[in-house]
Amino acid sequence: DDFTFIALQLDPRWYNLQKIFCYDVKSQIPLVEPTAVACEQFLLAQGFSETKAMQVKLIVFEFFTNIVKHGLKDAANEFILIEVDCTRKTDISITFRDRAKAWKLPPRESSFENFFDALNLEAATSGRGMQMIYAITRNHSRKRYHLVNETTFILDSE
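Quick note: the sequence shown uses the working numbering, first residue 1, plus one each step.
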């Protein structure tokens with residue numbers, strides 16, 4: 001009986017030239033911050049400002065936390081793929097792929113200031129993350145392919 005095994009590895013030098021960073025990580029809360037920091041460090045290495053890198057870190061931190069806490073509650077060994085793409089000169093896209101439950105993104109609030117003030121008055125402990133992401137992104141999309149969610153956030157590169 002014959003057996004063939006082929007292994008391919010992408011040369012990391014080529015990948016960094018393409019300005020794309022892929023990170024696959026288990027769905028565990030202790031891994032949220034190191035993942036967000038890795039995405040931030042990638043943008044800094046690509047020459048982006050500290051402010052832009054911090055915005056990407058915030059998006060990754062908030063959305064990754066949502067996936068783990070709400071979408072994959074009891075699935076600590078599921079993998080989440082996060083891709084930061086800065087190949088286009090005008091924008092940065094952050095794409096999350098996960099096998100969490102299907103759910104729709106909440107609507108974007110028309111007034112962020114009033115929204116956050118209302119939550120503060122109610123002493124709400126949740127509900128801010130997606131609106132913070134919306135406040136710093138230009139566009140977003142969410143699709144589901146069979147059992148995989150694909151969520152993309154786009155923000156201006158400058």
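Heads up, a few of these hints could be off.
Unchecked claim - The calculated label-pair distances, taken between Cβ atoms and stated as ranges, are: (1) Gly47 x Asp74: 35 to 43 Å; (2) Glu158 x Trp103: 12 to 20 Å; (3) Gln28 x Met132: 34 to 42 Å; (4) Ser110 x Ile29: 18 to 26 Å; (5) Trp103 x Glu50: 28 to 36 Å; (6) Ala102 x Asn77: 32 to 40 Å; (7) Pro34 x Ala75: 14 to 22 Å; (8) Leu44 x Thr90: 16 to 24 Å; (9) Ser157 x Asp74: 17 to 25 Å.
No wet-lab data here; the hints were simulated from the structure. Glycine included, every Cβ here is placed at the ideal spot set by N, Cα and C.
For each hint, the structure was consulted:
1. Separation of Gly47 from Asp74 is about 41 Å and conforms to the stated range, judged on CB atoms against 35 to 43 Å.
2. Checked against the hint of 12 to 20 Å, the pair Glu158 and Trp103 fails, with Cβ atoms roughly 32 Å apart.
3. The supplied range of 34 to 42 Å is broken by Gln28 and Met132, whose beta-carbon atoms lie about 22 Å from each other.
4. The hinted range of 18 to 26 Å is not satisfied by Ser110 and Ile29, whose Cβ atoms lie roughly 32 Å apart.
5. Against the hinted window of 28 to 36 Å, the Cβ-Cβ separation of Trp103 and Glu50 comes to about 33 Å, which satisfies the hint.
6. At about 20 Å, the CB distance of Ala102 to Asn77 disagrees with the hint of 32 to 40 Å.
7. A beta carbon spacing of about 19 Å between Pro34 and Ala75 agrees with the range 14 to 22 Å that was offered as a hint.
8. For Leu44 paired with Thr90, a C-beta distance near 19 Å keeps the hint of 16 to 24 Å intact.
9. About 38 Å separates the C-beta atoms of Ser157 and Asp74, a value inconsistent with the hinted range of 17 to 25 Å.
Against the hints set out earlier in the document, violations occur for numbers 2, 3, 4, 6 and 9.
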